[in-house]
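Visitor: Keeping their order, the protein sequence lines are chains A and B. Going left to right, the first sequence walks through residues 41 to 396 as our numbering numbers them. Going left to right, the second sequence walks through residues 303 to 819 as our numbering numbers them.
It should be emphasised that the hints constitute simulated quantities derived from the structure, not laboratory data. Treat the hints with care, since some could be wrong.
Cut-off 27 Å, straight-line C-alpha distance, at most; resulting in silico cross-link-like pairs (BS3-like, lysine-lysine) [said to hold, decoys possible]: (1) B:Lys519 to B:Lys575; (2) B:Lys563 to B:Lys576; (3) B:Lys576 to B:Lys648; (4) B:Lys531 to B:Lys519; (5) B:Lys575 to A:Lys253; (6) B:Lys576 to A:Lys255; (7) B:Lys692 to A:Lys255; (8) B:Lys563 to A:Lys255; (9) B:Lys648 to B:Lys629; (10) B:Lys531 to B:Lys330; (11) A:Lys278 to B:Lys648; (12) B:Lys501 to B:Lys542; (13) B:Lys648 to B:Lys501; (14) B:Lys330 to B:Lys368; (15) A:Lys226 to A:Lys255; (16) B:Lys531 to B:Lys560; (17) B:Lys576 to B:Lys542; (18) B:Lys506 to A:Lys278.
Interface residues of chain A toward chain B, partial, derived using beta-carbon atoms under 7 Å [as the list claims (entries may be wrong)]: (19) Phe115; (20) Lys253; (21) Thr254; (22) Ala262; (23) Asn266; (24) Asp268; (25) Ala273; (26) Pro316; (27) Phe319.
Beta carbons: idealized from backbone N, C-alpha and C, even for Gly.
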Amino acid sequence: MKKRPLNLNFLSSLFAICVGLLFGYVILLISNPAQAGDGFGTILTGAFRDMRSVGRVLYFATPIILTGLSVCFAFKTGLFNIGASGQLIVGAYLAVLVGNKGAALGGAHWVVALLAAIAGGALWALIPGLLKALANVHEVIASIMMNYIGMYLVNYLVVQTVFDQLRNQSLPVAASAVIPRWGLDKIFPRSNVNAGFFIAVLAAVTMYVILYKTKFGFELKAVGYNRDASRYAGINEKRNIVLSMVIAGALAGLGGGLLYLAGTGKHIEVVNHLAPEGFTGIPVALLGLSHPIGILFAGLFIGYLTVGGDYLQLYDFAPEIIDVILAAIIYFSAFALIIRTFIQRRAIRTGGGGAK
Amino acid sequence: MEYIIEMLGITKEFPGIVANDNVTLRVKRGEIHALLGENGAGKSTLMNVLFGLYQPDRGKIKVRGKEVHIAGPREANALGIGMVHQHFMLVENFTVLQNIVLGAETVRGGFLKMDEAREKVLALSERYGLRVDPDALISDISVGMQQRVEILKMLYRDNEILILDEPTAVLTPQEIDELMHIMRGLAAEGKSIIFITHKLNEIKAVADRCTVLRRGKLVGVVDVAGTDKETLSEMMVGRKVDLNIRLTPREPGEPVLKVDKLTVHSRRRGQTKKVVDAVSFTVHRGEIVCIAGIEGNGQTELVYALTGLIAPDGGSIELLGRDVTRKSIRHRNTHGLAHIPEDRHKHGLVLDYSLAENLVLQSYFQPRFQRYGFLRYDNIYAYAETLIQKYDIRSGQGAYTPARSMSGGNQQKAIVAREIDRDPDLLIAVQPTRGLDVGAIEYIHRQLVQQRDAGKAVLLVSLELDEVMNLSDRILVIYEGAIVADLNPKEITIQELGLYMAGSRRQAGVAAGGEVV
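Using the sequences plus the hints, can you model the full thing?
Guide: This is the structure in structure tokens:
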């Protein structure tokens with residue numbers, strides 16, 4: 041049993057990637073036919089051009105792996121966490137705040153800043169979780185609203201507490217709050233990769249263990265598959281819903297912390313944009329087959345395309361092209377999901393009961 | 303006599319299963335032809351082929367001697383074939399008349415012409431004795447009445463071949479008698495009826511001939527008058543089945559469940575009706591107490607309140623002498639209560655979990671299945687294997703089979719195994735045999751009786767009168783949320799029980815809220 045759906049899932053992800061790439065190639069052809077072949081080759085190979093590029097892949101992958109895990113974790117309990125963006129930015133703000141004000145923490149500074157990020161994300165998901173469990177408010181609505189509340193609140197708080205007036209963004213964090221490189225800068229010279237990638241891998245592995253090996257994961261999945269049966273079996277489904285959202289939020293918040301403590305000159309800009317990494321988490325979770333290890337690879341794949349796409353400018357392509365291609369892959373991954381559901385439904389209807 | 307329908311050598315395959323294997327069904331004009339078989343024997347598939355919902359892989363269909371191709375229900379209707387599905391296809395907030403003309407409206411210039419339709423409906427109900435009020439809302443009439451509306455729908459469309467899919471499953475004994483009467487009347491007027499069922503009594507009562515299917519194959523066609531029930535059941539199951547349970551007389555022991563004035567209000571918005579109305583009773587060790595009643599009289603809510611799925615609005619529940627009225631579901635489940643739920647897909651199983659995972663759904667948190675929060679899958683699968691052996695649960699890939707892909711009977715066996723193996727003091731079984739075939743029913747009845755004989759208390763909620771009469775030491779009749787009678791099955795007849803269930807009789811001394819011990 042375990043094999044067939046997994047293959048089907050894997051195929052559907054592969055299908056999404058191929059169609060998305062093909063679509064991207066067509067766009068390249070339309071915008072600049074002469075360079076399309078070279079440009080396409082660059083997308084596929086750009087990430088392996090040198091060790092710096094590989095390092096950049098890891099750097100780009102880190103936050104979206106975490107938001108992907110966030111979406112996936114909630115999804116296992118039957119919840120659609122569309123609020124990773126808000127959770128990420130609230131987490132990021134607390135990380136930056138601690139990063140600015142907590143220089144006295146010394147060597148533990150960056151760790152405390154990350155813990156603050158986790159707490160911020162968790163808090164931001166706690167509210168939709170409680171609303172869902174206690175008042176049956178749909179988590180999609182609640183977490184979309186929390187995205188906007190989070191964004192505007194963070195804008196306000198940045199201005200109040202850690203504002204760089206000249207650049208209209210947050211102040212840079214203290215050096216002790218920057219995540220250490222742990223020698224990765226030696227392997228991948230001049231890239232921004234840091235220990236954050238290891239933290240993302242650790243998060244994915246931990247999540248795998250929790251979901252598939254523990255009593256807690258058994259309950260979470262049971263609630264996700266069938267809330268009524270879980271209640272019947274005495275599982276406290278409300279508690280599980282809240283916990284699932286809180287952990288999802290913590291993951292997204294951690295992603296925010298890692299992104300803004302990377303020491304790459306990235307700051308919280310005071311603009312009215314939702315953090316895009318939060319939404320990228322949804323296709324990463326989809327492409328990754330809602331499996332922690334799959335998400336790890338899906339995040340790396342998106343990072344790989346992003347880096348490859350950066351080099352497109354060498355061939356006179358607008359850098360936005362890569363965003364279009366990524367969007368196409370994302371679009372088709374949702375499409376593939378529909379196809380997969382369709383195939384499975386058919387298989388169940390025709391193969392299962394027979395008489396029905 | 304000519305055949306009005308001939309389905310010849312029908313074969314229909316689905317991936318991995320042959321649902322109909324060279325099946326032939328011939329129906330004569332004006333006869334009531336029963337189609338008998340276990341769950342999954344291929345009855346529904348065959349009827350769906352006749353109704354045009356499936357196309358057969360091989361074989362041909364003749365209607366009135368002419369070979370036809372039925373592409374869909376519309377074509378089937380044009381050929382005079384109509385079907386009453388097990389779940390009625392009625393619009394709740396339309397009137398009877400509106401439902402009957404729905405899809406076959408006569409219009410003039412875009413406006414409905416209901417007068418003609420009304421006349422035709424009245425004439426039809428007169429002719430076939432289907433007393434219905436054309437202006438009543440569907441939501442206001444009884445299930446039996448709704449079924450008559452479905453039959454009228456077919457007659458209104460001038461159908462001559464009527465397919466009734468398990469029509470008696472939802473009816474009271476009185477309503478069943480009426481339906482039988484109506485069916486005979488229809489046959490006498492020249493209509494042909496295909497009657498899908500797995501209830502042998504009804505076949506004996508009303509059918510002329512019977513086609514028996516087993517595992518997609520035709521077993522035989524018999525004249526009902528010349529065949530006894532035992533033969534029919536043996537043809538259907540493929541072995542001898544004994545559904546007659548003889549309960550060995552036994553003195554009930556100490557009380558296990560004590561319910562006192564339990565009250566549940568309707569959860570529907572804007573309603574304050576009591577769906578469970580001050581119900582009091584006691585279940586002792588070594589007895590099977592059956593709650594009998596027509597569907598929707600508060601049984602579901604009563605069980606939800608007992609098992610903790612909903613909080614009662616009044617009264618108390620005592621389990622083994624301790625008050626559990628406000629205790630959690632998990633507390634009750636670990637303090638002697640086991641529950642075979644009414645809806646095995648909604649409550650009983652996590653369909654996307656494997657059989658093994660479902661078998662530990664009530665016990666995964668025990669030390670033998672988890673250590674420091676980590677599940678001990680070795681023990682879980684070993685335990686699942688023993689249950690599979692002990693309770694003869696059959697499935698494609700053993701403990702690893704996804705619950706979704708198991709047959710209904712084996713899903714139910716899995717639930718029964720899980721609940722009984724927890725060694726409960728009180729077993730609440732709600733319609734444990736619903737939709738199952740004779741073989742599985744026999745099995746589940748045996749298990750319940752074994753529990754009783756082992757000194758457990760069993761509370762059975764059932765709509766099946768045979769089951770109620772056969773299996774219980776005591777019958778509590780529930781009507782509109784209240785217990786209206788406490789009966790000894792040995793002292794009453796099925797007909798009397800039916801009267802209590804329909805609310806037309808009430809036992810003296812068992813007033814609402816009165817003590818029944």
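Visitor: Taking 27 Å as the top limit, are the C-alpha atoms of Lys648 (chain B) and Lys501 (chain B) close enough?
Guide: 26 Å, holds
Visitor: Taking 27 Å as the top limit, are the C-alpha atoms of Lys531 (chain B) and Lys519 (chain B) close enough?
Guide: 20 Å, holds
Visitor: So if I understand the rule, the pair passes when the alpha-carbon distance is 27 Å or less; does Lys576 (chain B) with Lys255 (chain A) pass?
Guide: It is violated: about 39 Å lies between the C-alpha atoms, which goes past 27 Å.
Visitor: Does the structure keep Lys226 (chain A) and Lys255 (chain A) at a Cα separation of 27 Å or less?
Guide: 41 Å, violated
Visitor: Under the criterion that the straight-line Cα-Cα distance not exceed 27 Å, is the pair Lys575 (chain B), Lys253 (chain A) satisfied?
Guide: 46 Å, violated
Visitor: Are Lys531 (chain B) and Lys560 (chain B) close enough, with their CA atoms no more than 27 Å apart?
Guide: Given that 27 Å is the threshold and the Cα spacing comes to 40 Å, the pair is violated.
Visitor: Is the hint on Phe115 (chain A) kept, meaning its closest Cβ partner in chain B is under 7 Å away?
Guide: Check failed: Cβ of Phe115 (chain A) comes no nearer than 13 Å to chain B, outside 7 Å.
Visitor: With a cut-off of 27 Å on the C-alpha distance, tell me whether Lys330 (chain B) and Lys368 (chain B) pass.
Guide: Given pair Lys330 (chain B), Lys368 (chain B) holds - Cα atoms ~14 Å apart, limit 27 Å.
Visitor: Hey, Lys501 (chain B) versus Lys542 (chain B), does the alpha-carbon distance stay inside 27 Å?
Guide: 16 Å, holds
Visitor: Assess, step by step, whether the Cα of Lys692 (chain B) is no farther than 27 Å from the Cα of Lys255 (chain A), and give holds or violated.
Guide: 26 Å, holds
Visitor: Against the 27 Å threshold, does the CA-CA distance of Lys648 (chain B) and Lys629 (chain B) hold or violate the hint?
Guide: Since the Cα atoms of Lys648 (chain B) and Lys629 (chain B) sit roughly 22 Å apart, the hinted pair holds (cutoff 27 Å).
Visitor: Under the criterion that the straight-line Cα-Cα distance not exceed 27 Å, is the pair Lys576 (chain B), Lys542 (chain B) satisfied?
Guide: Between Lys576 (chain B) and Lys542 (chain B) the Cα gap is close to 45 Å, so the pair fails against 27 Å, i.e. violated.
Going through the hint list in order, the structure does not satisfy hints 1, 5, 6, 8, 15, 16, 17, 18, 19, 26 and 27.
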